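Novice: Here are the chains, one letter per residue:
Protein chains: 2
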Amino acid sequence: MKVSSKGEYALRALICLGGMHSKLISIEKISEKTLVPVHYLEQILLQLKRNGYVQSKRGVNGGYKLGKNPKEIIIGDVIRNLEGPLAPMGCVSITSYESCPLEEGCLLKPLWALVRDKIAELLDNTTLYDLIERKI
Amino acid sequence: MKVSSKGEYALRALICLGGMHSKLISIEKISEKTLVPVHYLEQILLQLKRNGYVQSKRGVNGGYKLGKNPKEIIIGDVIRNLEGPLAPMGCVSITSYESCPLEEGCLLKPLWALVRDKIAELLDNTTLYDLIERKI
DNA sequence: TAGAAACTTGATTAGATTAGTCAACAATTT
DNA sequence: AAATTGTTGACTAATCTAATCAAGTTTCTA
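As they're listed, the protein sequences go chains B and U.
Numbering of the first sequence is given in UniProt numbering, commencing with residue 1 and proceeding in unit increments.
Numbering of the second sequence is given in UniProt numbering, commencing with residue 1 and proceeding in unit increments.
Careful, some of the hints might be misleading.
Repeated chains share a single entry, so a pair holds when one copy, or any two copies, can fit it.
In silico EDC-like links for lysine to aspartate or glutamate, alpha-carbon gap of 20 Å or less [to be verified]:
1. LYS2 - ASP77
2. LYS109 - GLU121
3. LYS71 - ASP130
4. LYS2 - ASP124
5. LYS118 - ASP130
6. LYS6 - GLU98
7. LYS109 - ASP77
8. LYS2 - GLU121
9. LYS2 - ASP117
10. LYS135 - GLU72
11. LYS33 - GLU104
Just so you know, these hints were derived from the structure itself, not from any lab.
Here the structure is a predicted model, which means the values were calculated and not measured.
Using the sequences and the accompanying hints, generate a full structural model.
Specialist: Following this line, the structure appears as structure tokens:
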């Protein structure tokens, strides 16, 4: 039931950027603060950029900043974008359902559905703002 | 946030055994019913045996059966035994805590702790009996 | 002796991480 | 104003690790 390191790292980076008030900060600096390996962080920021969560500027004094208001960045969405559905099994995923040969009559499906509901309810009602302001 | 296939497969096997009323059933039969690859299932059953969840009998007409009453088999424990802690991150795991260099001041920890609580509350209050009798 | 589980080992695959190169930009130099 | 240089992000490939799956061998029991 682990969150992948990719998701954890992405959130660390967003939190870091959220505390910079739109001032640019370089990948290297983010890496120092978040303890995420530089090259891996690079890939993650790229992915966050494609999804509009961050913006970048190249060249001297370039770097990254948030691309959205922290109140508009929903943690559940970030996780989904970076590491796939929140649901513990594809057969109960709403955002990216996968059929399963057992399916009907599967006694586990209702349980996984409950797990998904609990996780989604939590992460879809938490924003980056909530984390930064320690509302949670 | 996935459950590993190991955990899913183990639960499928236990559900299958739970419906046999202590009659022995071979790995191959279990594999047919649960669609779990035979050789992988073998390893999983071995692990379940070490933890007392199942019993085996060798030789002709041998096979597996449950080692405990379905009401005593807690889903959360099965998952923990097979794929490790329920917590999404080691830093919030109660059963197998791992320290993290960020730790104090980490804004994510409280969130992960909530996730852990929700998952654990659900899976630790569900037994194999509940699944088999469709109480959930 | 035949059928079945137990066990060992290796192959395959996917995820995580690291390494290295290329392209853009801004300040500096000429 | 043009060329140069250093800083930075963008991108690709290789390495490492763990999960998953497969095959074969051994041991036990009717």
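Novice: Taking the hints in turn, state whether each one holds.
Specialist: Hints and how they fare:
1. LYS2 - ASP77: both (17 Å within a copy, 16 Å between copies)
2. LYS109 - GLU121: Close inside one copy (18 Å) and across copies (18 Å); limit 20 Å.
3. LYS71 - ASP130: Within one copy, since 8 Å is at most 20 Å while 40 Å is not.
4. LYS2 - ASP124: Cα proximity of LYS2 and ASP124: in one copy and across copies (18 Å, 17 Å).
5. LYS118 - ASP130: Classified as both; 18 Å inside a copy, 19 Å across copies.
6. LYS6 - GLU98: between (22 Å within a copy, 18 Å between copies)
7. LYS109 - ASP77: between (23 Å within a copy, 18 Å between copies)
8. LYS2 - GLU121: both (17 Å within a copy, 16 Å between copies)
9. LYS2 - ASP117: For LYS2 and ASP117, both the intra-copy (16 Å) and inter-copy (14 Å) Cα distances are at most 20 Å.
10. LYS135 - GLU72: within (15 Å within a copy, 38 Å between copies)
11. LYS33 - GLU104: between (48 Å within a copy, 13 Å between copies)
Consistency note: the structure conflicts with none of the earlier hints.
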